[in-house]
Each structure stands twice: as C-alpha cells, then as structure tokens.
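Asker: Assemble chains R and E onto chain H, guided by the hints.
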Amino acid sequence: MKYAVRRILALIITMIMVSFLAFAAFHMISGDPAQAILGTNATPEMLERLRHEMGLDQPFIVQYFRWFTGFFTGNLGISYSYRQPVADLIMPKLKVTLLMVMISFVIIVLCSLPLGLRAAQKSGGRLDWVRTTFQQLCMAVPAFFLSILVSYLFGIILKWFTPGDFPKIEHNLIGVMRYLFFAAVCIAIPRIAMTVRMLKSTIIQEMEKDYVRTAISRGNDRAEVLKKHVLKNSLVPTITMLGQTMAEIVGGSIVVEQVFGIPGMGRFLVASISNRDYPVVEALVVILAFWVILSGTVADLINQKIDPRLRLGGRA
Amino acid sequence: MKKKKMNGYLLAGLIITTVIIVWIIIGRFYTPYNPTKMSSAKLQGPSPAHLFGTDKFGRDIFSRVMQGSGTTLVIAAATILIGGTVGTIVGAVTGYFGGMVDEVLMRLNDALTAFPSILLALVIISILGPGKYNVIIALGIVFIPSYARVMRTAFASQRDVNYIISARLMGASKLRILMVHMLPNTIHVLLPAITIGFNNAVLAEASMSFLGIGVTPPDVSMGYMLSEAQGMFKSAPWYALSVGCVIALLVFGVGLIGEGLQRMDKEAD
Amino acid sequence: MLEVRDLHVKFHNRDREAVAGVSFTLRDGEILGLVGESGSGKSVTAMSIAGLLPRKKCDYRGDVLVDGEDMLHANRALLRKVQGNKIGVVFQEPMSAMDPLMKVGKQVEEVLTIHEKLSPEERKKRAIQALDDVELPDPEAVYDKYPHELSGGMLQRSMIAAAIVSRPSLLLLDEPTTALDVTIQAQILKLLIKLNRKHGISMLFISHNLNVVRKLCKRVAVMQRGVIVEEGPTNDIFFHPQHPYTQHLIECIPARVKVIARKHVEETGSINLINDADEPAETASAAGAVQAAEAVQVAEAAGAVENGNSTKPEGGSNG
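Residue numbers (the numbering used here), protein chains in the order written: chain H, 1 to 316; chain R, 317 to 585; chain E, 586 to 904.
What the hints contain is simulated information worked out from the structure, not anything from laboratory work.
Careful, some of the hints might be misleading.
Here are the in silico distance ranges between beta carbons for each label pair [what the hints assert, rightly or not]: (1) T469/R with L231/H: 22 to 30 Å; (2) I61/H with I405/R: 30 to 38 Å; (3) E208/H with T469/R: 16 to 24 Å.
Subject to a maximum C-alpha distance of 25 Å in a straight line, what follows is the list of computed BS3-like cross-link-like pairs (lysine-lysine) [stated by the list, open to error]: (4) K702/E with K691/E; (5) K730/E with K228/H; (6) K209/H with K730/E; (7) K702/E with K227/H; (8) K730/E with K232/H; (9) K232/H with K783/E; (10) K702/E with K688/E; (11) K691/E with K730/E; (12) K305/H with K783/E; (13) K209/H with K642/E; (14) K688/E with K2/H; (15) K305/H with K709/E; (16) K122/H with K641/E; (17) K691/E with K209/H; (18) K709/E with K228/H; (19) K688/E with K671/E; (20) K691/E with K305/H; (21) K641/E with K595/E; (22) K228/H with K641/E; (23) K671/E with K702/E; (24) K783/E with K710/E; (25) K227/H with K691/E; (26) K702/E with K228/H; (27) K709/E with K227/H; (28) K666/E with K702/E; (29) K688/E with K232/H; (30) K641/E with K227/H; (31) K710/E with K228/H; (32) K671/E with K843/E.
C-beta atoms are modelled at their ideal positions from N, C-alpha and C, and glycine is treated no differently.
Bound conformation, chain H alone:
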C-alpha cells in the first residue's frame, strides 16, 4: 500500500512539474494572446478587455494556477486559430485517438505474448535467423510507410475501408473501429516485433536461472516449469515494456493519423504546431505527458503486485 501511495504521489508531482515547464515555455514564446485571438482589427479597448477577461494581467503564478485547475474544470483557454474553447475542440479528437490506441494495444498484447513464448521455446533452432531477420524488418519499416502501404492496399485496392471518409463515432461505432483497425495495425507491427524480441530474451534468461533446475529436480517437465515458474518471473520486465509501449503508441499515432486522415489528437497537435496555436499545443502536451506518465505508473503498480520484492520500494 505504501508503495502505491508513493507512486501516485510521484505521478502528481511530476505532472505539476511538467505542466509548469510547458506553461512557462509556451508563455515565453507566444506573443500577445489577446491580439492573436481578436486579430488585427481589434481596438485597444477590446484587447484590454479580453486581456482582463483571460486574466493576462495577473501575475504569472496565478495564471499558471488558473490554467492548471482548468484541466479539472474543463476550461483550457481559447484556441487562437478557431476562436473556440480548447476543451471543446480536443474532446472528440481525444476520443478517436484513445480508441485507436486501445485497439492497437490489444493487438500488440494478443500477438506478442504467444509469439514471444514460441520464439523462446524454438530459439537456437534452424529457422532462428529467419525469425530474427523478419523481426528486424518489422522494426525497420517506419509506421508511416506501412500506413501508406496499408492504406493503399486495403483502402484503394481492396476497398475494405474508404480512406479519408471517417465516420462519426456517435453514429457508426463499428465503422469507426473498422477504420481505426487498419491504422492500429500499422502502429502495432513494429511494437510487436520489439516486444516479442524482449520477451524471448527474458524467457531465455530466466530459463538459465537456478530455480529452474530445482523445479526440474522435483519432477516438472519443461512445459510445467514454464507455466508455473518462468512465465511469472518473466512478467515484470515485460509489463514495464508494455507500459512504455502504451506511451509510444501515442507517438506513433501522430503520423498514422495523418496518413489515414483520422481526425485525432495527433493530427490536431501537428496542425496546431504549424499554426502556432499555443493554447491547444500546451493543453495537448500536458495531456500526452499525463498519458505517458500514467502508463508507466500503472505498469509499476501492476509489477509490485506481482513481485513482492518490489514492494519495499527496492529493486528485484
């Protein structure tokens, strides 16, 4: 319990630090927000009034505080480009990206666990080099190239979905998920290769350990040893990696959304950066940071449940 509390506390503190840094950074480089929102036709009085409304005349810390609490109240400022509340703009896109990330993660877990296990069992065999080379190949093909290929193959040639025609979530959830599936696969493939590789080497390492010998001396056969002992022991680094993968998927989604024409967070982020729409960028950066840190924290918490040695806050 104590460990869990400490981790959550660390999460909160890190978030505060990150959001502060982000706020400070963007605060420095953005010009006058009021000017950006109202445009060049604004009179000085209008600008003054807007500045006051937005609280820009307050000291820096107060501004930061208002912005930070805005994450909980839903008020994240106004977008420069769209003149609309940032929160309203982000929400639908967030849902889409979240859905895609989840689909991708499920694909990764479902594929890499059995494949990793098989790879470990068959290691050192004749066909090992085929597997390794294929793995390297999967990791080498950039997600977006894969996306181009997949979108061409399945969208244009096979017509399993129509690129560029993204259905609405509320109306057609199945359609949305089918569309996202292809994108999710593109993100998933390199990660599957990496996870399989890692799982394979972890399992092989564990098989060399002493307790495996003890288990055999008690009459277990290979399969039982794996099932009863080695799998659980291989789980900890794997879960840590899956936590990182969850964070990285979001990075991969950025490019994939562009290729597939998916109206998600990543595409919005890129567009906002190009347009120098800082309120949006700020908010998105913090959301993404939160996602990343949360993934790591959840992975850690799961691990400490599995491995009692970690509960003391020490290393295994």
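Answerer: What follows is chains R and E alone, placed relative to chain H:
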C-alpha cells in the same frame, strides 16, 4: 580484448548499409538526372531510363531520392554527434562520480525517456520552429537521455574494476582515467546504442518532415519527399514506395549491424 | 540402493572428462560424503544421479542405478517419475534455488502436487509437517512467506523440507551448507543426521570441506579430477589418509580443528556430530574448546603429552 567473430547479421547489415550510404553520398555529387528539373515525362512508372519512375512534375525520382536522402543522413549523423557526445559526458560524470548528482540526473533522465521521442521533438520544434538546423537541435536534445543512461551504466560498472583502482592509486587525474582508461572500454556498449540511435533519428526526421514540421524547402529530405509522395499516391505510387523502401532498407541494414554487434559480444563471453 | 558404475561424463566444450570412471555404492540408510575441490567432478556426478545432466551438451556412459533402475539413460518420462519422488535434491544457494515469486509453502508442496493426488488441505498439512520436521520454529508462518523474507538458514531448511516431503529414498545434497554461517552449518548437519535416523533416507553429501563432511558422513569418497582416489570409513580417511591427495586435504585442515575432532571421537565414540544416541552432543562454548585445544598444542610442543588428552574441556566438544 576478447576474440570476436564476424557473424551473418553483421556482414549482411554492413553490406546493405554501405551500399545505400555510398549511393546516397554519390548522390551529392552526381545523379543521372537533375533532381529538380521538371520534364514532360510525367508520371511514368519505373523503367530502364527512370529506375524509380517520374513524379507528376516529370522529375526523375531515382535522382531525387539519391540526392535528397543526403539531408536525412546529415541530420541523423549530427543528431548522433550531439546526443552521443553530450550523453557520453553526462553518463561519464554520473556513472563515475555517483552520489546526489547521479540520483537527480537519472531521475530526470527516466522522466525524459518515458516520453516518446517524437513527442519531445515536436514540442521542441513547436518552440523553435521548423527547419533543418532546428530539427538537428531538437533530435539531438531528445536523444541525449538514452545515450546518457547507457553510458552511465557502462562507466559505473567499470568504476571498481582492478585496473581502474590501480590507476587511481597511481594518482592519475580523474579526467585522464575517464578518457584514457574507461572510454575505450565503453565502445562496445556505445556502438549498438549508436546504431539504434541512428535508426531512431532517421525515422524521427522522416516522420517530422513528413508531417510538415521538419525540414522545409528548399531543403529536401526523405521525410519531405514522402509527404510529397503521399500527395501523388494514386497517380504515382512508385514515388512513395521507392522512398519508403530506401528508408526501410537503410534502417533494416543498420538494425542488422546492431543485432550482429550484440551477438558478437554475446559469443565472445 | 544407489550404484554408480564406471560413470564417464564429458562436456562438449571442455577438453577432458568431468567424470572419468567413477564407481561407488550407497547402501540403504547410509550417508556417504563426496569430497573434492572445484573441478573434481563431484557436482557433475550428483547431477548424473539426479537426472539433471544437460544431455545435449555432453557425452556420457556408464551405469547409474537407483534401486536397480537406470537413471543415466532413462527417457524423460521415466526420470520425471523418479525426480522429486524417489530422489530429492538440495542445492547450494537456497536464495537463488527457489522461485522468488512463489510462497515457500507452495514450493514445499510442489513435489506433492506433481506426484501425489492429494487435496489442497492435505498438501498443506504435509508441507507444514515437513517444515516442522526440519525444525523451523513457526512452520505455519514460514508457509506463507516469500523466499526473500527468510534468512539463509531458514531457507535451506525449507529446501530440505521440500526435498523430503514426499519421503524420498535418496537425498542428494550439493554443498548445502557452504553458503551458510558456521553455526547454522552445524545445526543443519545435525538436522540431516536426525532425518536420516528417523526416516531412513539415504544421503549423498557433496562438499569441498572435509571437516564438514566428517561431521555428517559415515563413509567418504574423495574425488580428484574426475576419479575417486580414496574411499572408506570417515574415521580412516580423516585420521589415516592413504592417498597423497587425501593427505594433502587433511594437511590443509588447521591443527586445532583436527584436535577438536579427535576429542569429539574420544568423548562420543563417533567422528560424526551425533552418534547412535538420540541426543545431539551439546556444544560447549567455542572459546572453551579452542582454549583446550591450544593448551593441548602447547603441551605437545613441550613434549609432555603424546595423544592430546591431558586437559578436559568443560562439557562435550564441538567441531
């Protein structure tokens, strides 16, 4: 020095990578056609005259890729240089001295490495603005933590090795110990890290330029060409395919080198 | 019950045989010690008996008969039936020999889970009984603990419990006390003797330390470079070594230790820690024994004493 054997992965990787890099370097000085010259031979598929076909402006794609990829290589190399050097220094300092400095820096490091590199790079670019040099700065900064972490482990593990202790006893200055004794032995850890870093840099640059926030015209890079290619995908898919294949092959080759190096190390044990 | 005939084992990545023609027998209920330095092949011999040889990495020939059944060439299915059931193994490092993520109690039960059809409650009862047999103070508490929560001595006792819970006929112990404190060592040795007396378990005890072996074993075989160079009753090996290598080993034992051993023999009639009586010979303070021994040496040097029997220590003696 442990005896090291060449293995298949390393060999294949070296061959593939060398061929591609040499091809790209040649592209700096000579290409079959002028890469920017438009012609009337528009949207032609691959043929003996135009190995990768032509794009919608009639430009020869083969020459275009040959020359344009150079920017990507330069960026990747510069990124490794910056990230690797700074990372090595940080790693050496924290690994060797340890203590409070180590604790704090490594926590910072962990926080940074948790972030997908693309995101960090995007954030930095959003502050600096796009452009070739900004990309180098952004990617260089983004890759410092991973080098630092790897090098720190390498340096820290050497701290208490016998010949280091005797060097210390003999009164060698810390700098000398670091540079003359420890550094050469960290090479075998640094090399695989460099191969991974190179691949990540190439992919990151390609992604960023593809998204339009990396390299900007008149500079051309692999990612930029890919974004062009996407626009012409229906009519001239060979553009995207050839650029994508070159990227994939390069990354694949370097990845094989990394894999080969790791196996070579393992076998020597 | 155990017969090893002309065992040869050669690993593919080495030039010479690890085991080069080893033969010995172990009678029912006997405790045999196998002594040698590292590289002598004693562990490999034990692994061959336990069916734990990495068959793909070595060449082997000879016979290893456990109650008449060949273990060396048996297929995996046959081995599995015997391992844990008839043959129990205790390894050197208890901390790494146990699965770190599984509770100790469950690991003690493991043999039962594989070989016997018992309900979970019965298994738990047997496991706690075994933990009690190895003289752990609070067996139920230990049952629920994880390996890293126990000390080395307690863990090793648990390992022994796990190995004997199914009442095997043979217990192989590969340097089980080497990683433990000296005081714990003595306790474990006494425990083993007790178990041997009470349940009739035959034991093969492997060690590089001749002094430890003499406390436990009735017979000793000395190995060097893959062959047995000398074999016989412990008393003979310890006090009258014939082979030069054995003599060398004996010479390496500090003099006062040998004196303590001699004293122990004279007082209890046995070179082992516990003789045929049920009570263990109580240990006097180590200091007292050492004092006595040193007094003996001084007297010897003065030429006044011939067989080291002039002063009597306070109580019994320990080794």
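Asker: Take the hints in turn and mark each one as holding or not.
Answerer: Against the structure, the hints come out as follows:
no. : hint                           : result
1   : T469/R with L231/H: 22 to 30 Å : holds, 27 Å
2   : I61/H with I405/R: 30 to 38 Å  : holds, 35 Å
3   : E208/H with T469/R: 16 to 24 Å : holds, 21 Å
4   : K702/E with K691/E             : holds, 15 Å
5   : K730/E with K228/H             : holds, 18 Å
6   : K209/H with K730/E             : holds, 21 Å
7   : K702/E with K227/H             : holds, 20 Å
8   : K730/E with K232/H             : holds, 17 Å
9   : K232/H with K783/E             : violated, 37 Å
10  : K702/E with K688/E             : holds, 21 Å
11  : K691/E with K730/E             : holds, 10 Å
12  : K305/H with K783/E             : violated, 41 Å
13  : K209/H with K642/E             : holds, 17 Å
14  : K688/E with K2/H               : holds, 21 Å
15  : K305/H with K709/E             : holds, 24 Å
16  : K122/H with K641/E             : holds, 15 Å
17  : K691/E with K209/H             : holds, 19 Å
18  : K709/E with K228/H             : holds, 18 Å
19  : K688/E with K671/E             : holds, 24 Å
20  : K691/E with K305/H             : holds, 18 Å
21  : K641/E with K595/E             : holds, 11 Å
22  : K228/H with K641/E             : holds, 24 Å
23  : K671/E with K702/E             : holds, 16 Å
24  : K783/E with K710/E             : holds, 19 Å
25  : K227/H with K691/E             : holds, 15 Å
26  : K702/E with K228/H             : holds, 18 Å
27  : K709/E with K227/H             : holds, 21 Å
28  : K666/E with K702/E             : holds, 14 Å
29  : K688/E with K232/H             : holds, 13 Å
30  : K641/E with K227/H             : holds, 23 Å
31  : K710/E with K228/H             : holds, 21 Å
32  : K671/E with K843/E             : violated, 36 Å
Violation of the numbered hints given earlier is confined to hints 9, 12, 32; the remaining hints are satisfied by the structure.
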